[in-house]
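Generate the whole structure from the sequences, applying the supplied hints.
Same order as they appear, the protein sequences are chains A, B and C.
For the first sequence, counting from 1, position 130 maps to 132 in the working numbering; every step adds exactly one.
For the second sequence, counting from 1, position 241 maps to 277 in the working numbering; every step adds exactly one.
For the third sequence, counting from 1, position 38 maps to 45 in the working numbering; every step adds exactly one.
It should be emphasised that the hints constitute simulated quantities derived from the structure, not laboratory data.
Keep in mind that a hint or two might mislead.
Claimed, not checked - Here are the simulated lysine-lysine pairs, PhoX-like style, with alpha carbons at most 25 Å apart: (1) LYS12/A x LYS70/A; (2) LYS52/B x LYS352/C; (3) LYS69/A x LYS43/C; (4) LYS26/A x LYS216/A; (5) LYS48/A x LYS210/A; (6) LYS77/A x LYS43/C; (7) LYS48/A x LYS12/A; (8) LYS113/B x LYS352/C; (9) LYS113/B x LYS52/B; (10) LYS77/A x LYS115/A; (11) LYS114/B x LYS352/C; (12) LYS115/A x LYS132/A; (13) LYS113/B x LYS355/C; (14) LYS37/C x LYS189/B; (15) LYS39/B x LYS52/B; (16) LYS69/A x LYS26/A; (17) LYS132/A x LYS355/C; (18) LYS210/A x LYS12/A; (19) LYS136/A x LYS113/B; (20) LYS132/A x LYS270/B; (21) LYS70/A x LYS43/C; (22) LYS26/A x LYS77/A; (23) LYS136/A x LYS52/B; (24) LYS356/C x LYS52/B.
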Amino acid sequence: MIECVNLTSKYADGTVVLHDLSFKVEAGEQVGLIGANGAGKSTLLKSMLGLIETEGVISFDGKELCKKNLADIRKMVGYVLQDSDNQMFMPKVIDDMVFGPVNYGISRADAEKKAEETLEKLGIAGLKNKQNHKLSGGEKRMAAVATILTMEPEIMLLDEPSAALDPHNRRNLINILNVIPVTKIIASHDLDMVLETCNRVILINDGKIVADGKATDILSDKTLLEENGLELPLCMAGVPAFLKKED
Amino acid sequence: MNKAERAIDELRGIDKLTSINSPMHRLSPLSKMALTIIYIITTVSFHKYDLWGIIPMVLFPIIGYQFSLIPVSTCFKKLRIVMPLVCCVGLLNPFFDKAVITYIGTVGVSGGVISMVTLMLKGVFCLMASFLLVATTTAEEICAALNKIHCPKILTSLFLLTVRYISVLLEEVANMTDAYHLRAPGQKGIHISAWGSFLGQLILRSMDRAQALYESMLLRGFNGVIDYPEKENKNKYSWVVAIICIVLIIFTRYFNIPAYLGSLAL
Amino acid sequence: MHMADALLAPSVATVMYGASTVAAGLSIYKIRKEEKSSVKEYSKLPVMAVMAALVFSAQMINYTIPGTGSSGHICGGFLLSALLGPWAGFLSMIVVLAIQGLFFADGGLMALGANVWNMAFYGCFVGYFLIWKPIMGTKLNNRVKVILASIIGCIVTLQLGAFSVVVETSLSGITELPFGKFCGLMQPIHLAIGLVEGLITSAILVFVNEARPEILSGVKANAQAKQKLSFKTTIIVLAVIAVITGGIFSLFASGNPDGLEWSLFGNAEEGYSANMGLDEEDYGNQSAAADKAAAIQEKLSILPDYAFSSNPDNAAGTSVSGVVGAAGVAAIAALVCIAGGAARKSAKKKED
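Structure representation (structure tokens):
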């Protein structure tokens, strides 16, 4: 269970990025975090991991985020970064997957076994011994998700997981996300993916929560979405107008 | 193709070479490094007039290339980078050292010419040897070997991380250069008005990248050093081979083989 | 100006390795200390790696030099220490130089120590402690400080680097070029290179300073009121100043120790050594100095072969057998290559 109470975050120059946010995520829930560019999605995810100084209280399973608990919480929470290149810093995919578990005290052999299983599960076993700089954008993203899954997190935070994926890999990712039974917060502009993976959606704008509710409700509310710089997901919008005229 | 793209290509080329499986690739990295360094030191230590003595040294890298299944010609492309300075220095020698010290047939050859040729050969031989090392040993193997001889881990981790990010940043520079030239046709380089902002923008973005990288490491329990795996499925006889080669190299250094061969023939 | 292996005697290379190792050891010690005392533990490594990669990549950018049609690029030691501080900058620079030497054949394995000294040591330590830090401590406008420090820093560190190349090569006994003349050749060239690098570096640092002053090492982010000073005019004014000082400097550099006239018109073995303050013993490398003396003496004589004509038979004898033997070795080498090529081809065929 994740609980955020009165979360406020400011940049050094005083700009307020997050404004008194409060919400609760139950265990096993899949929450979509949506909002226009610059709404504060990435900042929210980072502050939940203690990467950004914030006021307010954040707790995971009752453990409050503070210096003492930081290591425990980070072990429990997996974070998939927006840019996979920043996540894949080792020479080879397998080295990267093993990096986290080994640092958290698992032997290299066990970690490698775990990594292989994860790759198998994601259907990308072929990437195991590939060099990171030779991967394509999509492969890199899948591998980055794999590095986090190897750590067997109880909670996953994903920042734009479907960006740079081709339709096939995107589908693959959606299926995986739906199968993994952990609590997830997915920040994304890919509203169709959010609709397919999440049962709940939090809509933020200018660092404030505008709406929080069932995914199907919020993602079908055209005026609400458009007021906050978004659009209906394609599957909700029906046949676009320019195609209708052709008939 | 811009300069950054060429550099990417060169790195890819080396990657490809290191992925070959050959007897030379299977030698242990440390023995290969020791061998290469001793070869280079020996080659450089030849007297500047000892043109004939130095020639047999070519055999070592050439044989090495055969055992690594890499054509010798692969390394010649690299010569364009080291050779200019060596040639500049070498080419001046004939002007200053005009004393005839030997005759080929009836033609007198001055010391400057001999030392120039010897110097250039040294340059070529050293390059052949060090490229052979790089073409048969991956960066990780080199760093693992360096760790073994107690090179501080901060340096080797830094080296490997940098190698990893060079390909990322080269790509960015290549794309930026292309984007610049698409909007500035006919310009050879970056115009003075963009001198600061071109790389400056990249510095700002890279600082953000470094921050993100740091965060991602931290989230996965980074504690100051990165442990790179050390695989040891290397040939047991590496050191035997290396020591034999070293003995042969030193023999070549102190025994003028061409003079001996020539005296046999004549 | 990367040194190549061939230009160094093993002894000189070893000394340079030793010196660079000491500097690297000190840097590592300082960084560990910094990390321990800072809130953000271990944060240096990723920044150092990304910045090293950045400097390496930045060398692939060509900057057009206005009015010349040629282009320059940066070498980066000074830039790195301004961004990361001297200790981290030095280590990053070592890595950049090692990668250049290993993967791009720019430099060499044995010459790495010398290259680190010539480029990283001067660029990071001399550049930072003697130029960047003092200038940043003055009360000038932030932009002027950055520009001044970059230009002076790059020129001075490149001059030192070029001078070291000359000293190392001469001590190694590689070149017949008299020390003074070699200097006269290298220093002015590197004055121009340093000036261009300084201008580019200053442009970059000014941009960074304006966008995110907290990134620069040793700059107080006190959001000094931006004074109206057009970027272009600043650059132009400073370029003019630098060209003038550079011109005077190079006049000194090439006017004083110019060995060209003497060596060509042969008026003075003694004059040359006296002028350069060189004495065979003092010089540290007897054979090199002696070779030079012989070379100069040689130029005095009308017939170049005069000095050696006493035993031509002997020399000719060894050289003929030498030629034959070398030809034999060359033939062996060629055979090895051909055999290897054939083996590779047949192996490939088997695979297909």
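Quiz item: Checking against the hints above, which ones are violated?
Solution: none
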